[in-house]
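Make the full structure from the sequences, and use the hints.
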Amino acid sequence: MTQPRVSAATTVIAAVLGLLVVAELVVRNWSLPDTVPLLTGHAGPLEWLFYLVLPVLQGVLLLFGTILMVARVRLGRSLAIVGAALVLVTPVAFGVANGRFFWQVDLPALTAVLDYGTLLLAAAVIALAALPATGSYLRGGGHRPLRAASPAP
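Following the working numbering from start to finish, the sequence shown increments by one per residue and tops out at 334.
If you're looking for bench data, these hints aren't it; they were derived computationally from the structure.
Note that beta-carbon positions come from the ideal geometry of N, C-alpha and C, so glycine has one too.
Misleading hints may appear alongside valid ones.
[Stated by the list, open to error] Simulated DEER-style distance windows between Cβ atoms:
hint: 1; residue 1: A290; residue 2: R255; range: 37 to 43 Å
hint: 2; residue 1: V197; residue 2: D287; range: 29 to 35 Å
hint: 3; residue 1: D287; residue 2: I194; range: 31 to 37 Å
hint: 4; residue 1: A252; residue 2: A311; range: 16 to 22 Å
hint: 5; residue 1: D287; residue 2: S259; range: 34 to 40 Å
hint: 6; residue 1: L256; residue 2: V197; range: 17 to 23 Å
hint: 7; residue 1: V193; residue 2: L238; range: 21 to 27 Å
hint: 8; residue 1: V241; residue 2: L301; range: 19 to 25 Å
hint: 9; residue 1: A266; residue 2: I194; range: 27 to 33 Å
hint: 10; residue 1: I248; residue 2: A290; range: 29 to 35 Å
hint: 11; residue 1: R253; residue 2: G280; range: 41 to 47 Å
hint: 12; residue 1: V277; residue 2: L312; range: 27 to 33 Å
hint: 13; residue 1: V237; residue 2: A190; range: 29 to 35 Å
Dropping the structure here:
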């Protein structure tokens, strides 16, 4: 039994949103002037995890997930959902580790837009990538349209 296909428009929108999240991750995490030298000199395992490993992992999963989604590979949706879920979970885990969440801190406007915008886009990627299907599937009330049986050979 095959799953109904998601429309190309939904796939493209989810992929574009995923790429926007990747771009925001790059801007936020890699445009800081002294991030890597600071990490190599004074960082512990938690700093390495939250500032180096997770941002790269999130970006890679989302990037490959969106590319595979556009190529209509089923694994792409799963990778995009996992990458976007990591984007949502990481700030909370970082807050638990530090005892201070980013929404409790006064942020400059651009930082707030990047932080909250990334979370909203990640939630949208999850919602769109998790859609069961569109088009005739939804018009049929969530049931696949019946196909005529093929004649016996």
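Legend entry - Distance restraint evaluation - A252, A311, Cβ atoms, bounds 16 to 22 Å: At 18 Å between Cβs, range holds.
Inset, instruction - Go ahead and decide if the range 29 to 35 Å is satisfied by the Cβ distance of V237 to A190. - result: 30 Å, holds
Inset, instruction - May I ask you to test the hint 29 to 35 Å on the CB atoms belonging to I248 and A290? - result: 32 Å, holds
Inset, instruction - Note whether the CB distance of R253 and G280 lies within 41 to 47 Å or breaks it. - result: For G280 against R253, whose Cβ atoms are near 44 Å apart, the range 41 to 47 Å holds.
Inset, instruction - Return holds or violated for the Cβ distance of V197 and D287 against the range 29 to 35 Å. - result: 32 Å, holds
Legend entry - Cβ distance range 27 to 33 Å for A266 and I194, holds or violated: Given about 18 Å between the Cβ atoms, the range is violated.
Inset, instruction - Take a look at whether the Cβ-Cβ distance between V241 and L301 falls inside 19 to 25 Å. - result: Given about 21 Å between the Cβ atoms, the range holds.
Legend entry - Whether the CB-CB distance between A290 and R255 falls inside 37 to 43 Å: Holds: the Cβ-Cβ distance is about 40 Å, inside 37 to 43 Å.
Legend entry - Hint check for L312 and V277 - Cβ pair distance inside 27 to 33 Å: At roughly 31 Å between Cβ atoms, L312 and V277 fall inside 27 to 33 Å, so the hint holds.
Legend entry - Assessment of proposed distance window 31 to 37 Å (beta carbons of D287, I194): 34 Å, holds
Inset, instruction - For the range 17 to 23 Å, tell me whether the beta carbons of L256 and V197 fit it or not. - result: 19 Å, holds
Inset, instruction - Just tell me: holds or violated, for the beta carbon distance of V193 and L238 against 21 to 27 Å? - result: Roughly 24 Å apart at Cβ, these two residues keep to the hinted range, so it holds.
Checked against the numbered hints listed earlier, the structure breaks hint 9 alone; every other hint is satisfied.
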